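The listed protein sequences correspond, in order, to chains W and H. Okay, so the first sequence: first residue is 43 according to the numbering used here, each after it adds one. Okay, so the second sequence: first residue is 43 according to the numbering used here, each after it adds one.
No wet-lab data here; the hints were simulated from the structure. Model, not experiment: these values are computed from the prediction. Be aware that a few hints might be false.
As the list claims (entries may be wrong) - Some chain W residues well away from chain H (every beta-carbon gap over 10 Å; in silico):
#1 Leu50
#2 Lys69
#3 Glu141
#4 Lys267
#5 Ala329
#6 Lys361
#7 Ser370
#8 Glu422
#9 Glu466
#10 Thr485
#11 Lys504
#12 Tyr506
#13 Lys511
#14 Tyr517
#15 Ala605
To be verified - Straight-line C-alpha distance at most 30 Å; calculated DSS-like pairs for lysine-lysine:
#16 H/Lys556 x W/Lys465
#17 H/Lys78 x H/Lys465
#18 W/Lys361 x H/Lys267
#19 H/Lys316 x H/Lys122
#20 W/Lys298 x W/Lys220
#21 H/Lys373 x W/Lys222
#22 H/Lys267 x H/Lys298
#23 W/Lys377 x H/Lys222
#24 H/Lys220 x W/Lys377
#25 W/Lys220 x H/Lys545
#26 H/Lys189 x H/Lys267
#27 W/Lys518 x W/Lys553
#28 H/Lys504 x H/Lys377
#29 H/Lys377 x W/Lys553
#30 W/Lys220 x H/Lys220
#31 H/Lys225 x H/Lys186
#32 W/Lys556 x W/Lys78
#33 H/Lys220 x W/Lys373
#34 W/Lys220 x H/Lys361
#35 H/Lys373 x W/Lys267
#36 H/Lys377 x H/Lys431
#37 W/Lys44 x H/Lys465
#38 H/Lys325 x H/Lys298
For each residue, glycine too, the CB sits at the ideal point set by N, CA and C.
Each chain, letter by letter, is given below.
There are 2 protein chains.
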Amino acid sequence: MKNFKTPLNDLRFIHYEVLDSLSEYRKNPAYDEVNKELIDAIASECAKYAENVIFPLNQSGDEQGCSYNDGKVTTPDGYKAAYQQWLQGGWQGLSHPEEFGGQGLPPSLGIMKAEIVGTANWAFGMYPGLSLGAMNTLMLHADKAQKALYLAKLTSGEWMGTMCLTEAQCGSDLGQIKTKAEKNDDGSYTVTGTKIFISSGDHDLTDNIVHIVLARIPGSPEGTKGISLFIVPKYLPDENGAVGEFNQVNTGSIEKKMGIHASSTCVLNFDGAKGFLLGEVNKGVAAMFTFMNTARIGTAIQGIGSAELSFQNSLAYAKERRSMRPLSGAKEPEKVADTLIKHPDVRRMLLKQKAIAEGGRAMLYDTALLADKLSEAKDEAEFKAIDDKLGFLTPILKGFFTELGIEAANEGMQVFGGHGYIKEWGMEQIARDVRISSLYEGTTGIQGLDLLGRKVIQDKFKQYFAFNKRILALYKEILQSPYKVQMLRFIAPLMCYQLRWQKVLLVILFKARKNRDAVGASTHDFLMFSGYLATAFYFTKMALASFKALDQGGELSPDFYQAKLQTADFYFQRLLPRAKGHAAIISGKTASLMDMPEDNFQLE
Amino acid sequence: MKNFKTPLNDLRFIHYEVLDSLSEYRKNPAYDEVNKELIDAIASECAKYAENVIFPLNQSGDEQGCSYNDGKVTTPDGYKAAYQQWLQGGWQGLSHPEEFGGQGLPPSLGIMKAEIVGTANWAFGMYPGLSLGAMNTLMLHADKAQKALYLAKLTSGEWMGTMCLTEAQCGSDLGQIKTKAEKNDDGSYTVTGTKIFISSGDHDLTDNIVHIVLARIPGSPEGTKGISLFIVPKYLPDENGAVGEFNQVNTGSIEKKMGIHASSTCVLNFDGAKGFLLGEVNKGVAAMFTFMNTARIGTAIQGIGSAELSFQNSLAYAKERRSMRPLSGAKEPEKVADTLIKHPDVRRMLLKQKAIAEGGRAMLYDTALLADKLSEAKDEAEFKAIDDKLGFLTPILKGFFTELGIEAANEGMQVFGGHGYIKEWGMEQIARDVRISSLYEGTTGIQGLDLLGRKVIQDKFKQYFAFNKRILALYKEILQSPYKVQMLRFIAPLMCYQLRWQKVLLVILFKARKNRDAVGASTHDFLMFSGYLATAFYFTKMALASFKALDQGGELSPDFYQAKLQTADFYFQRLLPRAKGHAAIISGKTASLMDMPEDNFQLE
């Protein structure tokens with residue numbers, strides 16, 4: 043893993059030419075200082091930090107990993123110093139309120155920052171990333187005093203935060219949570235229980251860690267309706283808000299994992315720790331859900347960033363390594379063999395990674411603009427309206443682009459042949475690291491259920507129709523543009539797949555009338571179909587922007603726009619058709635999943 | 043990774059009821075003692091060894107790995123003792139000639155043994171497995187004296203063998219080999235050079251290691267036509283054939299790899315080692331190729347075995363772990379939540395693994411019967427005829443079932459949610475271990491080129507038509523059977539996909555007339571389509587055998603046959619339709635792969 047350059051051109055292209063983020067920012071007076079120069083400066087400064095400070099620690103951090111001794115976690119060599127530079131750069135509070143010391147920039151620029159950092163070194167990026175989760179939860183649900191006490195420390199990055207949900211017996215099924223919070227006379231709570239899989243649960247990067255903990259107040263209703271949220275700092279703040287008494291949050295161990303070795307994954311024992319109610323009693327799960335969308339966007343970044351990192355490294359190898367001749371004949375007959383990139387099948391693997399990274403990035407930034415609007419919402423109704431839009435895109439972005447990111451990283455390894463399997467090259471690390479992305483923050487199965495069960499059917503198709511309308515609006519824009527002829531090769535298939543998307547949904551609904559398992563049997567394939575379609579939509583938008591730039595002049599080189607069109611062609615001809623398989627599978631009988639008795643799965 | 047039971051029922055079903063291996067064995071007088079009792083005894087004894095001796099070492103071997111000190115490799119704890127039990131059981135020579143101390147049984151039973159062992163502990167199985175490769179090469183190409191000197195030791199397992207092909211600058215492109223073999227006055231050669239990625243290149247399991255080395259005699263033609271094969275033992279045998287003088291085969295290091303940590307992957311320095319020509323001068327690559335098919339069958343086993351192991355472990359977890367309720371409502375409302383297996387999407391992941399393991403096993407055993415015939419061939423023409431058949435199936439078996447085995451192992455992890463990522467459960471190990479299967483013995487890219495370029499087009503479609511004829515013969519058999527009505531749900535789609543297979547080939551050939559890159563641009567998707575079709579063929583055979591057994595009585599329980607039919611239904615409805623995506627991709631323009639200039643892949 044020798045190569046990483048932040049794809050600044052592509053970031054700029056998507057922001058300025060595809061999505062026109064600037065017009066969106068201009069709508070909000072709070073963002074009146076946000077202009078092209080500022081965004082460029084942030085992106086290139088962040089890129090410097092990512093490329094020079096944390097990318098060089100990516101492979102060594104994997105090799106060394108975190109260590110656990112006497113209840114304390116130590117991060118790999120160099121991580122502490124790198125985090126100090128993060129603090130000095132003021133990166134943590136980029137998109138958080140100036141009131142707490144942040145820079146008050148749009149959340150979408152925070153997502154851009156997270157992408158740059160996460161691509162360079164995902165395990166490192168998880169520390170500040172998880173802390174953002176805690177910060178966002180506090181922003182939404184903490185009272186004034188709690189905000190005053192915690193948010194400045196978290197915004198500066200002097201302290202970090204975590205999210206403590208999972209317990210040994212339950213992950214996504216939060217209703218099974220057993221951690222107990224008993225009310226004390228002073229209004230605080232005594233928190234007792236064990237949480238597992240707590241990312242950044244302990245480390246040596248900051249003096250204090252603020253845990254946001256889901257727990258049950260004795261006597262609360264069973265299931266998810268009896269869960270509340272608590273702030274449980276590792277050290278209680280003293281009267282000056284400085285690190286005070288140890289609060290009996292004990293780190294039991296760290297997990298040995300397939301990857302992200304430099305990120306600590308902790309078992310945390312809350313041994314009668316003092317906790318403070320965050321938001322309302324028994325509304326903890328609902329409070330978590332308002333935060334879930336942004337957390338899942340964060341996870342999608344891992345898929346997209348891994349595709350980018352894997353692409354860049356396998357591209358460099360494919361241009362250098364020589365092996366055999368293509369079936370079409372020698373391209374450099376004077377050399378011992380042709381470079382790998384001369385082979386069509388290697389180009390296929392490279393372009394696949396490129397298309398996944400670029401398609402995902404476009405969808406990510408578009409979704410990020412909704413996250414901006416969420417933070418600008420004037421009332422609950424507006425918040426809900428935006429959150430619903432975001433909630434529709436999120437499972438697609440998270441579910442689809444983590445699955446495809448995993449595939450991309452494996453293609454990157456594949457380009458290296460046997461060398462891909464050797465640690466030294468770093469390609470297998472990318473594949474191991476990204477493998478978790480389809481597991482945490484809700485597995486792909488959970489995303490599929492969320493999309494089809496909740497966001498399409500329970501929502502009575504409102505957001506589903508809304509996205510269909512966006513596609514129709516794009517057709518209209520194209521057909522009214524001077525590029526309608528060139529764009530036919532994209533809109534014709536997009537229309538076909540959109541119609542197919544509607545058809546498969548009807549098929550599912552029709553089948554569900556007779557068999558209630560028909561929906562659950564289709565969640566995965568519907569999610570994947572939706573992902574392929576959404577990506578086709580974004581590539582169509584990018585193709586249109588490219589034709590426009592080639593015709594009217596754009597900020598980037600003509601080569602950039604040509605390459606974008608070629609990547610879009612690749613996507614439409616060599617990735618999108620997979621959706622046909624998913625559609626055909628949705629048409630399959632539900633019985634083919636449900637009929638086998640459990641005891642007959644294995645008969646020995 | 044707590045669970046492993048050899049799927050003895052399935053082995054028996056395929057051998058006795060699907061393929062009728064016994065009739066095949068009866069055709070060869072050398073196998074007149076091979077009957078059901080013997081095969082059952084071998085399978086169950088081998089299963090005991092696999093389940094009780096080496097399966098318990100699978101996870102500990104991964105954790106500890108091989109170590110390298112002072113030029114010597116040490117295998118993980120327990121491996122040496124386990125290998126002693128292997129020797130005592132006489133397992134190494136199971137399907138090798140009695141003349142050298144083997145048991146003279148059919149190679150197909152050796153493949154069954156390799157599957158049982160490889161499923162329990164792939165890294166362990168690689169040691170004897172690689173040695174079989176060396177033994178087979180010696181059987182085919184060694185002279186009488188060489189056979190006498192080496193084969194008895196290798197057949198007993200007292201010594202082991204390796205295959206030394208790869209060098210730092212070349213893997214599949216053997217023409218680039220630089221290792222030098224200079225002729226000595228005594229007829230021997232002095233071998234100098236460095237080989238990498240040598241599995242079992244050094245270890246502590248045997249006193250001597252016999253390396254089969256590809257090297258170039260100075261003055262030979264360039265490229266693959268100037269490569270010869272040599273026997274280079276680690277220790278030269280003395281006049282009694284016992285371990286003698288050290289032969290300057292020095293182990294430079296072992297690789298740090300993503301997985302198969304218990305298998306040593308060595309850099310071997312041949313520092314003027316004494317080597318002995320094996321076969322004819324400059325015919326080394328051709329000699330290697332006669333061996334390649336069986337080696338690739340061996341690698342396919344890793345995909346199939348990993349699917350089985352992953353399936354069994356994720357099944358056990360899915361039956362035990364409770365999380366949420368299916369959309370169709372609670373199945374065990376009195377429990378805190380339903381077990382995972384109640385969720386349709388989890389059943390999908392389980393059945394996918396099961397279908398991959400069972401489909402692959404059927405194709406594996408069918409191909410293995412051809413390997414038997416190869417060893418029985420009476421002359422070169424017959425050998426070539428069988429080898430051509432085998433050569434057609436091999437890239438499909440290897441390319442397709444390693445790709446799907448990797449997918450299966452990842453689905454197994456996915457069933458575990460976040461726990462799948464934690465080493466303790468062992469699921470991530472299966473995924474890491476199997477990941478190499480699509481890289482070694484020729485990447486999937488190489489298999490695709492081999493299938494479409496060599497085995498279909500260069501072969502002038504002879505084997506392609508022959509396989510089509512086998513499918514037609516199966517239709518005929520079904521339509522003449524009493525089960526034709528029940529079988530319609532399988533033969534109707536099989537026919538459609540077979541026609542599609544013919545159509546995509548025509549599409550490729552048609553495109554290739556105008557653009558010579560069209561073949562290379564389609565190798566991957568043609569390989570995958572062929573894999574889905576071939577697997578459909580084997581599931582159709584299995585379905586027919588199941589209906590027959592249910593009607594006329596079979597050796598196994600009716601539940602077994604019902605489950606097989608349900609697995610076949612799952613395959614036809616939920617895996618086979620993916621082939622549609624591959625067909626659509628083949629129809630895509632070659633330009634979408636070839637047009638992007640190399641410099642434009644990344645423009646920063």
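Status of the hints after comparison with the structure:
no. : hint                : verdict
1   : Leu50               : 7 Å, violated
2   : Lys69               : 31 Å, holds
3   : Glu141              : 36 Å, holds
4   : Lys267              : 15 Å, holds
5   : Ala329              : 20 Å, holds
6   : Lys361              : 6 Å, violated
7   : Ser370              : 4 Å, violated
8   : Glu422              : 28 Å, holds
9   : Glu466              : 7 Å, violated
10  : Thr485              : 5 Å, violated
11  : Lys504              : 19 Å, holds
12  : Tyr506              : 17 Å, holds
13  : Lys511              : 27 Å, holds
14  : Tyr517              : 22 Å, holds
15  : Ala605              : 4 Å, violated
16  : H/Lys556 x W/Lys465 : 42 Å, violated
17  : H/Lys78 x H/Lys465  : 40 Å, violated
18  : W/Lys361 x H/Lys267 : 27 Å, holds
19  : H/Lys316 x H/Lys122 : 28 Å, holds
20  : W/Lys298 x W/Lys220 : 24 Å, holds
21  : H/Lys373 x W/Lys222 : 28 Å, holds
22  : H/Lys267 x H/Lys298 : 33 Å, violated
23  : W/Lys377 x H/Lys222 : 21 Å, holds
24  : H/Lys220 x W/Lys377 : 15 Å, holds
25  : W/Lys220 x H/Lys545 : 59 Å, violated
26  : H/Lys189 x H/Lys267 : 25 Å, holds
27  : W/Lys518 x W/Lys553 : 33 Å, violated
28  : H/Lys504 x H/Lys377 : 60 Å, violated
29  : H/Lys377 x W/Lys553 : 29 Å, holds
30  : W/Lys220 x H/Lys220 : 65 Å, violated
31  : H/Lys225 x H/Lys186 : 21 Å, holds
32  : W/Lys556 x W/Lys78  : 55 Å, violated
33  : H/Lys220 x W/Lys373 : 23 Å, holds
34  : W/Lys220 x H/Lys361 : 22 Å, holds
35  : H/Lys373 x W/Lys267 : 21 Å, holds
36  : H/Lys377 x H/Lys431 : 55 Å, violated
37  : W/Lys44 x H/Lys465  : 27 Å, holds
38  : H/Lys325 x H/Lys298 : 33 Å, violated
Comparing the model with each earlier hint shows violations of hints 1, 6, 7, 9, 10, 15, 16, 17, 22, 25, 27, 28, 30, 32, 36, 38; every other hint is respected.
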